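*Asks:* Residues per chain are reported as follows:
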Amino acid sequence: MTAIQPILLILSLFAPLAAIVLHATYSGDGKGHARLAVIFHLGYGALLIVLSVLNLYSGLYMVSRGDGIPFGFAGFTFEPSLYLNPGNAPLLLLMGISLPLTFIWLRDREGRYGVSYYVSANLLVFSLVGVFVSQSLILFYLFWELALVGAYFWIGMHGRAHSYTPMVYPALARFALMTLLGSLPMLLSIVLLSASAGRDPGLFGIKTVLQVMDPWARWLAFSGFALAFTVKLPLLGLHGWLRDTYNVSPAACRTLLSALMSKMGAYGLVFILAAGFVEESRILAPYFQIICVVGAVYGGLLCLSSERFADILIYSSLAHLSVIGLGVFTAVGSEEMYATGITGAVFLIFSHGLIMTALFAFDARITVSGESPSIHSAGGLRAGQGRLSALLLLSIFASASLPGLSNFAGEFMVFFSAFGVSPWLTFFSAAGVLIVAAALVRAYHALFLGERENPSPVKQAADLGIGETVLALGLAVLWLVLGLYPMLFVGPVQKAFLIPGLGGM
Amino acid sequence: MNSWALLLLPLLPGLSAAILAVAGRRWSYGVYSTFSTAAAGAAFLCALYLGAASDWGALTLNWTYGAWLTTPAFEAGLSLRLDSLALWMSMLVSGFGFLITFYSVGYMRLDQEQGRFFASLNLFVAAMLLLVLADNLVLIFLGWEGVGLCSYLLIGHYWKQPGVPLAAFRAFFVNRVGDIFFLLGVFMLFTVFGSVSFSELDTAGLLFLEGDPEAMRRAVWGAFLLLGGAFAKSAQAPLHVWLADAMAGPTPVSALIHAATMVTAGIYLVVRLDWLFAIAPEARFLMAVCALVTLIIGALMALTQTDIKKILAYSTLSNLALMFLALSITAVGPALLHLFAHAFFKALLFLAAGSVIIAAHHEQDIRKLRGVLKKLPITNAAFWVGCIGGAGLLPFLSAAFFSKELILESLQQGSVSAFGLTLGPNFLYGTVLVMEWVTVLYLFRLLGYLRADSPAEDSHQAHGEAIHEPGFSLRGILIVLSLAAPIFGILSATPSFGGGGAFYRAVSGEVVPAGPDFGHAAPFLAIALLLAVGCYLVFAKAAWRSAFTAKTAFLRLGDYGPLSRRFYFDDVYEYLLLGPLRILGWLCRIILEFLFVGWVVLFGSIGMGLSRQMKRLQSGRLHHYAMAVLFSAVLLYLFVER
Amino acid sequence: MELFNLQNVLLLSLLLVLIGSYGIFLRRSLILVLLSVEIALNGVNLSLIGFNYFRWSDVETSHYLYMLSIGVAAVEAAIGLSMIIVLFRNYNDVTRDRVANLREIP
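Chains as they are written, first to last, in our numbering: chain A, 303 to 807; chain B, 2 to 643; chain C, 3 to 108.
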């Protein structure tokens, strides 16, 4: 079971390129493209699931150093190498589940979108996989920027303005500029690290390189990475792009942005800041902790004052991602808490991605136009969308990290890790998450419960189909399994963070 | 084998809930209601089997399956434990679960969404059993939240009706607030004792009595925090605001969840960790204060309500407060006895009320239900048993008589002091005694209304709608419970009344106290009896009522002052907590968010402005560019030369 | 005194570059501008050959460079001429002031 994994890994990385070629050469109409995307992503999702599950439970630590194509100049060698271990396998598993669900739930029924939609979407997917499996930092950077390109074209060509976000391009420009604001310093940091090492140090070599670097160079390198990750996550203060970008995106793009792209930042926090820049993160941890806690509460308050369901989801995402950050930055403080906090963060990354997939997809399925309904505009929608409303409620409860559903174990570990630093961190972040949950439940009540006005002020879409419901039930079963027996997932993942040098401290 | 039966206990109703949730829609009402009842019944049989296997609590059974949530820094196993407390609690839960599911078959016959109802009911039984059986504080949290979820779902059962979603939301929100405290408490205990397992905590806790002051301080904090969780679940002030609204759910739900079982989870938790509270008098002091407040609020509110279910809900509040009060002076046995006694009479009262509600076509206002009991003989009998039992007027009719006497007796001796303050025995005893008289008043006021001899003008009888005893399952359960209450009462009789107190011993594992001396209790009982008869006559007999004049302040108390505003708790939360939060949210939205987005826009605008200026350099003429190239070349040359 | 030395070759190439520059900056017809560019380029090429002859006569590196440069010049001339033809078709005019669309049209 271990020999096949490198092949599957290479296949998983390049399959989205094949999808790009397929869509570019396909001559059918929009509906044909949509069908093609569904079929491709079902297969691709299965591939990713098989690979990541194999890796999680075989416990293989795989780094393809040296078997890439080395090329170099001026004494500098660049080896494009990939890696996979139970630390980053959850991210591939998340993609494997999230992608087919997104492309099925939000498939283009009217055939509105053409080649460019799917090419940019698959470009995003390609670069996301690349980011999660790149071992060499230059490759990591290339994929990181490529993700921005994919998302930029996806939103730019197919984004739509709404009454609540009137313009596409300013939002898009803000998104691109802020992301670049983070990623260009990251390039400098990578150059700095590489120059110090004489070669690309790779993800797991950062710690070694830092030992031979001057303090100022270390801090410079740290700040470049930190900026890139905190913008992408985003942490409080750097989230100016978040709401408008999500709102103007096509529904599928919004779903992937929230479920997967924000996880790029979280991934960086876990695998580069926490595991690489150990000293620097430890010194700055208190400030980051405070930002994360304030971010959780702030996200909650914004949820409370939002009227659009999508807005509430976006700000809930801000709060939950802050909790992930809290997990990372409380874990770096102490040796014995490290594996707990980091595993909690990875668990949350995985679980939050799944939940956001469901929430954003269901939100876009409420109305015919895909526009998110205002909580004052409608009521009693449950009468027309029984299945959707039940599944949405379940997703909301999962997002509220009810024990027995998937978020709980992750949040528990993160809060425990935070409690070790200070009980107040746990208290305030839990309060923030509670406000988020309350806002979501309140929005659900306003939209779905009560008596339906006739005629309904929003044009309600049809309920989920049988096949879609079955998929959603499958997801719900996964949540239940993760919630009722979290050790199934926590066990393999935390092993990755106990091995020094491979994600561990 | 026995240990696997332990796992089966929560698993049976849990699986049934899963099956019903997925397949229930396709089955006919008869099939799935029977299925659901059978699952609850199987759980009860399983509990009985376990009772026999464990020699009725004498042996402790364990089931363990490795780690549930274990990291290098934290450990929680997937393990269940059945000791005497867990055994009797699980018998209570599964027994009432079975009876009330059976009752619901009749009650929900004409409802629109029975499938969801029965699935949730089964899920509730499963979660509650897990809560009772869990061997550690993390696993207990799973059940703890599970019952909260089911409570939310079932309160929101009539989701189309106005006000129902809000009631469900309140229950959800208040319980989540409590959960934060619970979680913090669990963490706190872990940092002090290094374990969350009850079996390990029990031994660690006993050793801890000699601990250092810092650990002691943290342990007390842990007790405070856990108490927050317990208060939310068991509806004690200031977290009691959800329980009265929870009556928006169907009546069987109110009986099972909001009277007999779920709301006792907080009591259960405190009893489970009684050693912790024994060493934390500060927490017990807080418990006593909150319980006193709740006791008074519950009793007074019950006295003035007009909704039949809300009377019972506030009565539940005050009874739970009574249990907490007993726990605050470490009288664990009487508290537990009252927990069981309360479950019997309150479930009976709720189910009888449900029978009235069904018979009167979902009318719940007691002013419109005057005299309805005269046409419902079985419900009538059940009401009498429930009211007399609940008021604790007669020994042997209900265990509540003995449990209340025991609590009063221990209050006479116990006191709790902390923070330099002491709640003395006289104060506690006096307050509780007065509130018990109020209990008698509100129960017999209810009974009086329902048996009044002049039907209200706008009632259903006036419209000529037929009122008759509802179906077999409702009647059957009422008869069973009316008979079970006296049996349970006889089993709980204290030695001073000639009983052996068998149940007391079984539940608490303590030696049965001699119990109240009848001669000593008699005067107070006589006053209670007098109040009961008087109150009943005033409300039931038209002549008495006119003599008493219906316009006295006593009858209109609910329309004025604190009683009309539920003692201002809702207002405090609305204006001091939620309102400011909402305003803060808007401020964040308008000001801070503007800044966070604004700085990007600002930089963007600066860039755009610069670009507009730079654009002027572009003349578009070829020779200008060529000239620029030349000058740059010359400049470069000069630069390099130097 | 030998006239054929490095200094004179460089002077000649400078002269060619100056002549070319004069044409580039002051002639109005784009065809003449293109011709001037070629003259200036040839001045540079001449200096390349001159350097090679007088300094490194034993290696041929500069010849390669020179040939590359000539090739590029040819390509440039071809593209330039075709562009001029396109411009003439569109504007009926090949003076440089007519073709000033590189800036933002207000």
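To be clear, the hints were calculated from the coordinates, so they are not data collected in a lab.
Mixed in with the good hints there might be a few duds.
Restricting the straight-line Cα-Cα distance to at most 20 Å, the calculated cross-link-like pairs of lysine to aspartate or glutamate (EDC-like) are [unchecked claim]:
id, chain 1, residue 1, chain 2, residue 2
1, A, 333, A, 770
2, A, 509, A, 381
3, B, 375, B, 364
4, B, 616, C, 99
5, B, 161, A, 331
6, A, 797, A, 638
7, A, 797, B, 308
8, B, 376, B, 470
9, A, 509, A, 673
10, A, 509, A, 447
11, B, 161, A, 755
12, B, 376, B, 366
13, B, 542, B, 560
14, B, 161, A, 753
Note that the structure is predicted; figures quoted are calculated from it, not measured.
*Asks:* For which of the previously enumerated hints does the structure constitute a violation, in increasing order of number?
*Replies:* Hints 5, 7, 9, 10, 13 are the ones this structure does not satisfy, whereas the remaining hints hold.
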